[in-house]
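Chemist: From just these sequences and the hints, can you work out the full model?
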Amino acid sequence: MSVAAKGPLGSILFEMRTWLRCMLPYTPYVAPFYPTPDSVISRLLDLTAVKQGDVLFDLGCGDGRVLLAAARRGARGVGFELDPQLAADALQAAREAGLEKLVKVVRADAASADVSEATVIALYLSDHGNSRLLAGVSRTLRPGTRVASFYFPVGLPGWEQKLTHTDRTDGLVVYLYKA
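Those letters in the sequence shown? Residues -13 to 165, by the working numbering.
Among the hints, a few may not be true.
Derived lysine-lysine pairs resembling DSSO-like cross-links, with alpha carbons at most 27 Å apart [what the hints assert, rightly or not]:
no.	residue 1	residue 2
1	K37	K90
2	K164	K148
3	K148	K37
4	K37	K164
5	K87	K37
6	K90	K164
FYI, nobody ran anything at the bench for these hints, they're computed from the structure.
Since the model is a prediction, treat every value here as computed from it, not as a measurement.
Modeler: This is the structure:
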């Protein structure tokens, strides 16, 4: 059963579990699960100019909604998700949308991902999560890759110079960087 199908109480319990595991010492989980609002996904894809031929990597893809939106624009989407339920939800959503040929979900820690294919990277994690994952993938991050982060900036040294735009529409911030 998907997280969304669990109803309000089931969703709240799932969210509480994601918060708890983020607080454990030495955990690979770096952010609780909150679905990215559709309006933010649209802005994120507009700001990064996602189009056919792009390859969007969503590091911590949750239920896959950013991947699906990118695939609807003709881009390929690769998501990394640690939580088995969310990874299954993302794959199921891609199948139901008929986008499984454009969407791939890897159940693994995104900090060890090879992002050399990425033209765009999407993040909605935490300050710590953004820094941890981007530090982990930096060895394969190609110069010029567009990196968009919802709500949390990238706090790694040198990334403040890579910030190209900050969009504060409706008080919901999206940071855009160019690697």
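Chemist: Next, verify each hint and record whether it holds.
Modeler: Verification of the hints:
| no. | hint | result |
| --- | --- | --- |
| 1 | K37 <-> K90 | holds (17 Å) |
| 2 | K164 <-> K148 | holds (5 Å) |
| 3 | K148 <-> K37 | holds (22 Å) |
| 4 | K37 <-> K164 | holds (17 Å) |
| 5 | K87 <-> K37 | holds (16 Å) |
| 6 | K90 <-> K164 | holds (24 Å) |
When each numbered hint is compared with the structure, no violation occurs for any of them.
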